[in-house]
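Trainee: All chains should be built: construct the whole structure from the sequences, respecting the hints.
If you read the sequence shown in the working numbering, its first letter stands for residue 1, the second for the next number, and so on.
Note that these hints are calculated values from the structure, not bench results. Don't take each hint at face value.
Unchecked claim - For lysine to any residue, the following SDA-like pairs were computed, each having C-alpha atoms within a straight-line distance of at most 20 Å:
id: 1; residue 1: Lys626; residue 2: Gly596
id: 2; residue 1: Lys667; residue 2: Phe431
id: 3; residue 1: Lys406; residue 2: Lys511
id: 4; residue 1: Lys667; residue 2: Asp709
id: 5; residue 1: Lys748; residue 2: Glu468
id: 6; residue 1: Lys626; residue 2: Leu780
id: 7; residue 1: Lys75; residue 2: Ala247
id: 8; residue 1: Lys511; residue 2: Gln479
id: 9; residue 1: Lys353; residue 2: His321
id: 10; residue 1: Lys521; residue 2: Gly532
id: 11; residue 1: Lys511; residue 2: Asp405
id: 12; residue 1: Lys406; residue 2: Gln505
id: 13; residue 1: Lys777; residue 2: Arg61
id: 14; residue 1: Lys626; residue 2: Glu782
id: 15; residue 1: Lys385; residue 2: Asp514
id: 16; residue 1: Lys380; residue 2: Asp764
id: 17; residue 1: Lys486; residue 2: Ala507
id: 18; residue 1: Lys626; residue 2: Gln768
id: 19; residue 1: Lys385; residue 2: Thr538
id: 20; residue 1: Lys384; residue 2: Pro539
id: 21; residue 1: Lys667; residue 2: Thr700
id: 22; residue 1: Lys511; residue 2: Val391
id: 23; residue 1: Lys748; residue 2: Leu649
id: 24; residue 1: Lys667; residue 2: Leu434
id: 25; residue 1: Lys751; residue 2: Met469
id: 26; residue 1: Lys384; residue 2: Asp405
id: 27; residue 1: Lys385; residue 2: Val340
id: 28; residue 1: Lys730; residue 2: Tyr713
id: 29; residue 1: Lys667; residue 2: Glu437
Here the structure is a predicted model, which is why all the values come from computation and not from measurement.
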Amino acid sequence: MRFPLVVLAGVALPSIASAQLIDRRYAEEPTDGVAQPTGPIAGEHDARAVVLNPGGLALLRGPELALALDLEDTKVATAAGGGFGTYFATAGGGGWFPHYGIGMALEWLRPPRAQLDPDPSLPFRFTMGLALGLGANTGLGVGWHHFHSAGELNGVDTFDLGLSGRVGSYLAFGANVKDLATASIGGAPVQRRYELELVGRPLGSDRLDLAVGGRIGETRHDVDGWARISARVARGTIIHGVVETRALHAIEEDAIDGIRERDGRDIRATLGLELSFGSVDVLATATGMRDDAHARHFLGGSTVLRVSDTNPASVLGHDDHIERIDLAGDISARQLTQLVMRMRAIARDPSAKGVVVTFDGATAGWATLEELRNEVLALKRANKKVFAYMVSGTGRDYFVASAADKIYVDPAGGLRIVGIAGTSFYLRGAFDWLGVEPQFEKIAEYKSAPEMFTETGPTEIAAKMHGEMFDSIWTRWVQAIADGRKLSVEEVKAIVDAGPYTAGQLAVNTKLVDAVAVPEKVAELVAAELGGPMQVATPPTERPERWSHPGAAVIYIDGDITDGTSKSISLLGQSVAGGQTIVAALAAARADPKIGAIILRIDSPGGSALASELISREVFATRGVKPILCSMSNYAASGGYFVAAGCDLIYAEPMTITGSIGIFYGKFDLSGLLRKLGITTDTYKRGKRADVESLYRPFTDEERAVLLDQLRYSYGRFVGAVAEGRGMKKDEVDGVGRGHVYTGEMAKPLKLVDRFGGLGDALDEAKQRMGLSASTKIELVELPETPPGLLGTIGDLLGLHAATDPMLGLANLTGVAEILRSIPASILVAPESAQARLPVQFSWR
Numbered sequence: 001m002r003f004p005l006v007v008l009a010g011v012a013l014p015s016i017a018s019a020q021l022i023d024r025r026y027a028e029e030p031t032d033g034v035a036q037p038t039g040p041i042a043g044e045h046d047a048r049a050v051v052l053n054p055g056g057l058a059l060l061r062g063p064e065l066a067l068a069l070d071l072e073d074t075k076v077a078t079a080a081g082g083g084f085g086t087y088f089a090t091a092g093g094g095g096w097f098p099h100y101g102i103g104m105a106l107e108w109l110r111p112p113r114a115q116l117d118p119d120p121s122l123p124f125r126f127t128m129g130l131a132l133g134l135g136a137n138t139g140l141g142v143g144w145h146h147f148h149s150a151g152e153l154n155g156v157d158t159f160d161l162g163l164s165g166r167v168g169s170y171l172a173f174g175a176n177v178k179d180l181a182t183a184s185i186g187g188a189p190v191q192r193r194y195e196l197e198l199v200g201r202p203l204g205s206d207r208l209d210l211a212v213g214g215r216i217g218e219t220r221h222d223v224d225g226w227a228r229i230s231a232r233v234a235r236g237t238i239i240h241g242v243v244e245t246r247a248l249h250a251i252e253e254d255a256i257d258g259i260r261e262r263d264g265r266d267i268r269a270t271l272g273l274e275l276s277f278g279s280v281d282v283l284a285t286a287t288g289m290r291d292d293a294h295a296r297h298f299l300g301g302s303t304v305l306r307v308s309d310t311n312p313a314s315v316l317g318h319d320d321h322i323e324r325i326d327l328a329g330d331i332s333a334r335q336l337t338q339l340v341m342r343m344r345a346i347a348r349d350p351s352a353k354g355v356v357v358t359f360d361g362a363t364a365g366w367a368t369l370e371e372l373r374n375e376v377l378a379l380k381r382a383n384k385k386v387f388a389y390m391v392s393g394t395g396r397d398y399f400v401a402s403a404a405d406k407i408y409v410d411p412a413g414g415l416r417i418v419g420i421a422g423t424s425f426y427l428r429g430a431f432d433w434l435g436v437e438p439q440f441e442k443i444a445e446y447k448s449a450p451e452m453f454t455e456t457g458p459t460e461i462a463a464k465m466h467g468e469m470f471d472s473i474w475t476r477w478v479q480a481i482a483d484g485r486k487l488s489v490e491e492v493k494a495i496v497d498a499g500p501y502t503a504g505q506l507a508v509n510t511k512l513v514d515a516v517a518v519p520e521k522v523a524e525l526v527a528a529e530l531g532g533p534m535q536v537a538t539p540p541t542e543r544p545e546r547w548s549h550p551g552a553a554v555i556y557i558d559g560d561i562t563d564g565t566s567k568s569i570s571l572l573g574q575s576v577a578g579g580q581t582i583v584a585a586l587a588a589a590r591a592d593p594k595i596g597a598i599i600l601r602i603d604s605p606g607g608s609a610l611a612s613e614l615i616s617r618e619v620f621a622t623r624g625v626k627p628i629l630c631s632m633s634n635y636a637a638s639g640g641y642f643v644a645a646g647c648d649l650i651y652a653e654p655m656t657i658t659g660s661i662g663i664f665y666g667k668f669d670l671s672g673l674l675r676k677l678g679i680t681t682d683t684y685k686r687g688k689r690a691d692v693e694s695l696y697r698p699f700t701d702e703e704r705a706v707l708l709d710q711l712r713y714s715y716g717r718f719v720g721a722v723a724e725g726r727g728m729k730k731d732e733v734d735g736v737g738r739g740h741v742y743t744g745e746m747a748k749p750l751k752l753v754d755r756f757g758g759l760g761d762a763l764d765e766a767k768q769r770m771g772l773s774a775s776t777k778i779e780l781v782e783l784p785e786t787p788p789g790l791l792g793t794i795g796d797l798l799g800l801h802a803a804t805d806p807m808l809g810l811a812n813l814t815g816v817a818e819i820l821r822s823i824p825a826s827i828l829v830a831p832e833s834a835q836a837r838l839p840v841q842f843s844w845r
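Mentor: Pasting the structure below:
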């Protein structure tokens, strides 16, 4: 910063030798506005972009208001600039709608009239600007200026064209064409001017901006240039320095030579200090000048006040506060991502002293709840006090809440804590009554998925496997409660067996909760724990330090895996992950240079073996090109595990359901049902097995043998992919495969899972593999887009919603929901495909 200081001091000193002039006037562009000595043409824009470079309007992050006051010594000024301006701008768009920016400005101009030719009078300038985004990082805009004046400027309209863009986090450019087509004013031609500025960020952040720029006049061929520097020296404190040189065309008169014209050049140096106070930002500058006669002057100063939701971090820091997180209803995969990211941000925020988590019947799977519980524990490790509050909590709510420092229950509610249960549906009895014969082949003995069609209850081996899974989840649940509440395992089991509990019972026995209280009393209890009352708030949004952040893609494989594209089945309240859609998302993420790592977020019981293998092939194609990690949620089994096996690293929660390396296929013979209905069929075919998939006849013994051979081939490919991905021998994979289902806790010793953890842990690992620190902010690119549901789309158009319309809400009825969701969506969508899927879709309670 020494160079700008020296220059400013030099140009401000009085000259020891200056010409004795009687009068001097400078030819000037009368269409200029209020001087903005540190205003950028490129890089980080604010509301003043409407007059500085309208292309920058498209790059704003939201609404901005700026007030600028420039005061200059009118006896020494060589250009217009003094006055007061008000600037407002905002940006929007994105997604299907292009990015855009709009802005307006009102400027009361007070130029040094005695110094300028032609006389600009004391005009008022009104400006409107519009910009369209050319992608996410470039804007093209136009500005219109209209003058009101008592002089020659009255009624004059001028137009500017601007372009602004950013290349990553290190380079930005801006260009203007000023006064595109403006007539002469007061007999003096108004020249078109071309401006260009380049901004570099050597550190990739707003800690240091270095800019150089230039301006060329089309008529007089004058050339101006400038260099500026901005350095963030502390939180909310930025120092600005600018050195600018301008070509001058002077008309002067002295006592000896009379009137003459001469060209010259002035040099200006500006120093500024910017302080951010959160939503309000203040910039003050001082400018010194050396004119064309080498006389040095203090020219004046300016002040800019900006109001925005995205200003730099405040110099005052953030007020201590409490954050609130609400957990209610179904928590989708994408909602969980947002919750995890927010909880991790709270953990890093030193001003967040406590977190209140409210519960209202969260119905997520156990692995999702375990991930949330772990994030609560991470908040406590970050020295945040965590308080849980519920009215009528369930065992799922309490599983997460037990990690909090304190648990409070409303007097009107209680705890429905009675243990865990899961229901499987078996349809064979209904099929026998209807005359439908389910015909399925499977590999191998643990692959009990077809049993829901072929049996009236679980086989012995399936019952044993299901019991082992339940034991694993139950043990984990009980131990977590015991750890959170500092109880023994036996005490927890006894408490569960005596449940449920009313609030009155909980008030007497405080083993499960710390207090029974109304919300107002809870607020007092929280304040006492924190040492005083604090506002429940979220910190203000701060301007990002970087123009772009390193990217990581999160690709969701959510629901049954099917052939074709992803779909939403509104009647079942389910979505399916289409192999074609997921393959395209993987290929796009692999090819995108902005994405440094990929995370597969899998919450799927499997489905189509073909689609699973095609996705798996794309995972292996990505391996070695970019880091590709897997984060398992509630389910990542069968086809879901097929997809995961090729990843560099697999994360799972101990309660995740995984494994089920196996395959099955079959059909339903409806001939018996048709006979009962008095319906007969007549089939014409050419080819011995042309109607092998027909639902109107059973398989022959030969066809069943052929089918089993084909399943062995597909199973071999499944085993081979797992062996290659996990670094195991095929015999090892077969030994832990054969359709066997595990929890994450059971799978880790078998080498099917690498580490326990959730999406946040996978992101930390992705950062490390990208060469980034754990604190580096990254941009999450969530793929693919959420598939629309036909009924949901129609319902939205008609104003109907599942919560209120009986047809659209059919799947929300408790009994109906459990039955419908137990039917594998992948079989409904593509019954002709071999299935790599979990034994059944458990309905957990």
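Trainee: Hint by hint, note whether the structure agrees.
Mentor: Evaluation of the provided hints:
no.	hint	in the structure
1	Lys626 <-> Gly596	holds (7 Å)
2	Lys667 <-> Phe431	holds (13 Å)
3	Lys406 <-> Lys511	holds (11 Å)
4	Lys667 <-> Asp709	holds (16 Å)
5	Lys748 <-> Glu468	holds (15 Å)
6	Lys626 <-> Leu780	holds (15 Å)
7	Lys75 <-> Ala247	holds (19 Å)
8	Lys511 <-> Gln479	holds (15 Å)
9	Lys353 <-> His321	holds (6 Å)
10	Lys521 <-> Gly532	holds (14 Å)
11	Lys511 <-> Asp405	holds (13 Å)
12	Lys406 <-> Gln505	holds (18 Å)
13	Lys777 <-> Arg61	holds (17 Å)
14	Lys626 <-> Glu782	holds (17 Å)
15	Lys385 <-> Asp514	holds (14 Å)
16	Lys380 <-> Asp764	holds (19 Å)
17	Lys486 <-> Ala507	holds (18 Å)
18	Lys626 <-> Gln768	holds (13 Å)
19	Lys385 <-> Thr538	holds (16 Å)
20	Lys384 <-> Pro539	holds (15 Å)
21	Lys667 <-> Thr700	holds (13 Å)
22	Lys511 <-> Val391	holds (17 Å)
23	Lys748 <-> Leu649	holds (12 Å)
24	Lys667 <-> Leu434	holds (15 Å)
25	Lys751 <-> Met469	holds (17 Å)
26	Lys384 <-> Asp405	holds (9 Å)
27	Lys385 <-> Val340	holds (17 Å)
28	Lys730 <-> Tyr713	holds (14 Å)
29	Lys667 <-> Glu437	holds (9 Å)
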